[in-house]
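Going by this note's numbering, the sequence shown opens with residue 1, and the numbers climb by one from there.
Please keep in mind that the hints were generated in silico from the structure rather than gathered at the bench.
Be aware that a few hints might be false.
Label-pair restraints from in silico Cβ distances [stated by the list, open to error]:
hint	residue 1	residue 2	range
1	Ser225	Gly16	45 to 55 Å
2	Gly39	Ile261	41 to 51 Å
3	Ser56	Val183	44 to 54 Å
It should be emphasised that the depicted structure is a prediction, and the values quoted were computed from it without experimental measurement.
We treat Cβ as the ideally placed atom computed from N, Cα and C, and that holds for glycine.
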Amino acid sequence: PIKFNGDTFRTVFDTGAEASFKISRRWEDVQSRAFGLDGLMHVIQPFTDFSYVSESGANPTSILEFDRFLPSTQLRAIDFPQFTPIDAIDSWTVWRVGVRNRLETRRDDETMTWFELDSFFDVNFENPYDRTDYSNFNNNIRFTPLPWMSFTINSQVPAFAKGFTEVNTIARVQPLANLQLEVGHRYLNDNPFFNSSSLFVVGGYCRLNDNWGVGAQEQYEAATSTLEEQRYSVYRDLSSWVASIGGVIRDNAGVKEYGVIFTVTLKAFPKFGFDLNFDPTSQGQ
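With these hints in hand, go ahead and build the complete structure from the sequences.
Structural data, given as structure tokens:
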């Protein structure tokens, strides 16, 4: 039952330290038109972030939380203001350690990241959201061999303590100026909050002309052999804006749901999301 006990006062003390440095080496003789390479520079950046938070006052569990902490498979932010669920702030002492590797090259007279690997984990001295001594070991890979092709693999495995396994893979290609295709897969196993999953997502967008485009997305859960979601949309260019209307069909454990989707996108901020909307322009940003 909810008990109304009037106002309460809470104080939060936050401190920490973070540090990083870079080491680089160049190979100007690495040239490849097939892989979009014009010279290569390897940048290694070790980093560390220590966060200490002390909360005094009412126990967060005794407060009717609005900005609450929601379970997620991803490591939470340990700094403010990145940590946003203010009603769930509790005391913690966490040390995040990692290293970032980047391979950079020149493309169109600009420096771009050709390959990137981020590896990191948390040491939990005191963590109310994760009772293990160490978090999963995370590896995030981003590979852009060509301007019209990219691959992303975000994974985490229980390397130091008991945990769960997650691997998210996304491949995006733009074989034609007016055609974008995307294939993704999510593997999740032994997570304490979410069911194990082997989810496939296939989608695409085709720009028919300067004014019209069509998009589609299919979502299939292999663990239950269920076509969970189907989306189909038609896009209309309105000069500064792009409007779209479409339909969605969902299968929730055998219960069919049907819906209509209407969106309006400002062209100055295009978006090509994995599980949201398809970019109605051809830039693919």
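Do the hints match the structure? See the list:
no.	hint	in the structure
1	Ser225 x Gly16: 45 to 55 Å	holds, 47 Å
2	Gly39 x Ile261: 41 to 51 Å	holds, 45 Å
3	Ser56 x Val183: 44 to 54 Å	holds, 50 Å
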